[in-house]
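**Q** Let the hints inform the model, and build the full structure from the sequences given.
Protein chains: 2
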Amino acid sequence: MKSINIQQKFSKFNANWHPHQIAIVDDMQVLLAKIKGEFVWHAHQDEDELFQVVKGTLEMHFRDKVEVVNEGEIIVVPKGVEHCPITKDGEEVHVLLFEKLSTAHTGNVIHENTKTDYPKI
Amino acid sequence: MKSINIQQKFSKFNANWHPHQIAIVDDMQVLLAKIKGEFVWHAHQDEDELFQVVKGTLEMHFRDKVEVVNEGEIIVVPKGVEHCPITKDGEEVHVLLFEKLSTAHTGNVIHENTKTDYPKI
Chain A
1 MKSINIQQKF SKFNANWHPH QIAIVDDMQV LLAKIKGEFV WHAHQDEDEL
51 FQVVKGTLEM HFRDKVEVVN EGEIIVVPKG VEHCPITKDG EEVHVLLFEK
101 LSTAHTGNVI HENTKTDYPK I
Chain B
122 MKSINIQQKF SKFNANWHPH QIAIVDDMQV LLAKIKGEFV WHAHQDEDEL
172 FQVVKGTLEM HFRDKVEVVN EGEIIVVPKG VEHCPITKDG EEVHVLLFEK
222 LSTAHTGNVI HENTKTDYPK I
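Residue numbers (the working numbering), protein chains in the order written: chain A, 1 to 121; chain B, 122 to 242.
Certain hints may be false.
The calculated label-pair distances, taken between Cβ atoms and stated as ranges, are [as the list claims (entries may be wrong)]:
# : chain 1 : residue 1 : chain 2 : residue 2 : range
1 : B       : I145      : A       : A15       : 29 to 35 angstroms
2 : B       : K236      : A       : T116      : 39 to 45 angstroms
3 : A       : E92       : B       : R184      : 27 to 33 angstroms
4 : B       : F134      : A       : D89       : 32 to 38 angstroms
5 : A       : P119      : B       : L222      : 28 to 34 angstroms
6 : B       : D167      : A       : D64       : 34 to 40 angstroms
By construction, these hints were calculated from the structure, which means they are not laboratory data.
C-beta atoms are modelled at their ideal positions from N, C-alpha and C, and glycine is treated no differently.
**A** As structure tokens, this is what we get:
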């Protein structure tokens with residue numbers, strides 16, 4: 001039952017594409033991630049996934065469209081929907097994620113970017 | 122699968138202490154609320170509740186302490202824990218909440234501020 005400062009938590013890690021856990025809410029978790037460039041196409045068959053852009057501009061690529069998510073905006077990727085987060089021009093974008101504790105990082109695929117541990121910070 | 126602008130959503134309602142729903146993530150929902158003054162002491166027996174302060178300063182009162190939650194900070198109130206959100210000096214504070222779809226507004230108590238509908242905006 002302590003206040004959690006999001007900016008302060010972002011200062012605790014540097015790695016791109018490696019979510020860090022800052023809170024748990026029931027069976028879901030709040031993660032922070034610094035992302036840069038193109039991730040990997042994947043889907044989470046059983047879980048929705050929320051992204052909130054804290055800094056920068058995220059492009060969420062779907063198979064049939066691209067949705068631009070600006071700072072102060074959120075987007076929910078429904079379960080089963082293939083998506084690929086991308087940032088442009090080498091920008092490092094800071095995102096907060098809400099998702100199930102059970103959600104696998106890259107869903108249905110294994111990739112060099114796949115992380116299986118989300119350090120608590 | 123659309124970007125949701127939090128500020129724009131806040132412009133769509135004015136009532137204090139009346140959460141409005143902007144997204145669903147699995148069995149949880151994202152709510153926005155404009156709060157001012159003192160709420161009512163209550164607890165949610167079965168659900169945790171996350172508050173993210175988007176504007177202003179929230180005081181989260183617990184029976185044994187007060188936690189100040191500033192803009193850009195979050196706090197998770199664990200299930201079963203009595204709490205009372207308060208804002209000071211007549212400040213209207215904007216918060217984003219993340220909680221179960223089943224979570225009752227004022228938990229175990231009924232109060233004049235109790236809302237049973239969260240309009241979708």
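**Q** Are the hints correct? Go through all of them and say.
**A** Verification of the supplied hints:
no.: 1; hint: B/I145 to A/A15: 29 to 35 angstroms; in the structure: 31 angstroms, holds
no.: 2; hint: B/K236 to A/T116: 39 to 45 angstroms; in the structure: 41 angstroms, holds
no.: 3; hint: A/E92 to B/R184: 27 to 33 angstroms; in the structure: 42 angstroms, violated
no.: 4; hint: B/F134 to A/D89: 32 to 38 angstroms; in the structure: 36 angstroms, holds
no.: 5; hint: A/P119 to B/L222: 28 to 34 angstroms; in the structure: 30 angstroms, holds
no.: 6; hint: B/D167 to A/D64: 34 to 40 angstroms; in the structure: 39 angstroms, holds
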